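*Asks:* With the hints as constraints, model all of the structure from the sequences given.
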Amino acid sequence: MLSIDRSIVDAIVAHARRDHPDEACGVVAGAAGSDSPTRHIPMDNAARSMTFYEFDSMEQLRVWREMDDRDEEPVVIYHSHTATEAYPSRTDVSFAGEPGAHYVLVSTREPDTEEIRSFRIVDGVVTEEPVRIVEAGVDPHAVQSYMFGQSPATVDYECSDR
Amino acid sequence: MAIEVRIPTILRSYTGGAKVVEGAGDTLSDLLTDLDSRHGGLKGRLVTEAGALHRFVNVYVNDEDVRFLGSLDAKLNDGDSVTILPAVAGGAFGFAAAAAIAQHSAAAAAIAQHSAAAAAIAQHSAAVVSAPAAPGRRAVTGR
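For the record, the sequence lines run as chains A and B.
Just so it is clear: in the first sequence, position 150 is 150 by the numbering used here, and no numbers are missing.
Just so it is clear: in the second sequence, position 70 is 70 by the numbering used here, and no numbers are missing.
These are computed hints drawn from the structure, not numbers from a lab.
Incorrect hints may appear among the rest.
Across the chosen pairs, the derived CB separations fall in these ranges [what the hints assert, rightly or not]:
hint	chain 1	residue 1	chain 2	residue 2	range
1	A	R70	B	E64	32 to 38 Å
2	B	A50	A	D71	46 to 52 Å
3	A	R6	B	A50	45 to 51 Å
4	B	E49	A	D10	43 to 49 Å
5	A	R39	B	N62	24 to 30 Å
6	B	A52	A	P99	33 to 39 Å
7	A	V125	B	G44	16 to 22 Å
8	A	V134	B	K19	26 to 32 Å
9	B	R38	A	V134	43 to 49 Å
10	A	D71	B	K75	29 to 35 Å
11	B	D73	A	A31	36 to 42 Å
12	A	V126	B	P8	38 to 44 Å
13	A	R90	B	G17	18 to 24 Å
14	A	R62	B	A50	29 to 35 Å
Stretches of chain A that chain B covers, calculated by requiring three or more beta carbons in the stretch to come under 8 Å of a beta carbon on chain B [stated by the list, open to error]:
hint	segment
15	47-53
16	84-92
Note that the coordinates shown come from a computational prediction; the quantities given were computed from them, not determined experimentally.
Note that beta-carbon positions come from the ideal geometry of N, C-alpha and C, so glycine has one too.
*Replies:* See the structure below:
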């Protein structure tokens, strides 16, 4: 399960909406081993594409070094899909190189609906997990769990028949 | 002296969990061959069968992306620091699927045009409507 603050979710969704119709991408760093995402780092999409994203390699080196210096790790790696559901594509799976990270996908296909889902991608296997959004300023014991969109029984990665 | 190599999490299974290893070589290719002699399999994760640097990794010499330094032919000196990171990339579609979607948009536009044309004709003459309206309908229900 991914537990993440409402303020960080809002910042990720705002970033995705801002860059729409291009895909947006970024990282949420957290203390190593904590599994708790605390520092939102929006990244440039070097591909500037509606169907592809890629971290700029020099920006990535800088950010990864900074995380290393602060004893952090990339707890969340996120990107947006701008016309399809928030589910990892084959491209996403083949590139997924951080087995410890939560891969968060945001879909901006509906302007008024927040669609955010989280996945583990390890050795090419995708596993969806629930997202627990922690509301700030609310009794933490009163927090509820949300599951935005269940995994469909069959997944059409190519969306070819739509 | 040697060359310090920083290993990303996903490849530490090849280095016994070590975050930093040392190696030697005049070029990046030599260095990876040297590392592979002690950490078997590591080179195969970084270099394709065709002998090029893998698309899924970024390799840096000191602060430079090796893609700007000649890739596997990048020259190395003792005391250099090499960093390996997983490239972070992905996106909604493969190219084939993107093409399919584009086709779909074109089809949707064609259907919309067709329907509009059919409606316009229908307004003008009830006698003409039956023939041109039919293909439009078929296109809409054909999916």
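*Asks:* All hints, please: hold or fail.
*Replies:* Hints, verified against the model:
The supplied range of 32 to 38 Å is broken by A/R70 and B/E64, whose beta-carbon atoms lie about 23 Å from each other. For the hinted restraint 46 to 52 Å between B/A50 and A/D71, the CB-CB distance of approximately 38 Å leaves it violated. Under the hint 45 to 51 Å, the C-beta atoms of A/R6 and B/A50, about 47 Å apart, fit the expected range. Judged by the Cβ atoms, the range 43 to 49 Å given for B/E49 and A/D10 holds: they are separated by roughly 45 Å.
The hint said 24 to 30 Å for the Cβ distance between A/R39 and B/N62, and at roughly 26 Å that hint holds. Remark: the range hint 33 to 39 Å for B/A52 to A/P99 is contradicted by a beta-carbon distance near 24 Å. Separation of A/V125 from B/G44 is about 20 Å and conforms to the stated range, judged on CB atoms against 16 to 22 Å. Checked against the given bound of 26 to 32 Å, the beta carbons of A/V134 and B/K19, roughly 31 Å apart, stay inside it.
Distance hint check: the CB atoms of B/R38 and A/V134 are about 45 Å apart, consistent with the given range 43 to 49 Å. Between A/D71 and B/K75, the C-beta spacing of about 33 Å keeps the proposed range 29 to 35 Å intact. The hinted range of 36 to 42 Å is satisfied by B/D73 and A/A31, whose Cβ atoms lie roughly 39 Å apart. Between A/V126 and B/P8 the Cβ separation comes to about 20 Å, which falls outside the hinted range of 38 to 44 Å.
Checked against the hint of 18 to 24 Å, the pair A/R90 and B/G17 fails, with Cβ atoms roughly 30 Å apart. The hinted window of 29 to 35 Å between A/R62 and B/A50 holds, with their beta carbons roughly 30 Å apart. Chain B is given as covering the segment 47-53 of chain A, and this holds because 6 residues of the stretch bring a CB closer than 8 Å to a CB of that chain, at least three being needed. Coverage of the segment 84-92 of chain A by chain B holds. Counting CB-CB distances below 8 Å, 6 residues qualify, and the rule asks for three or more.
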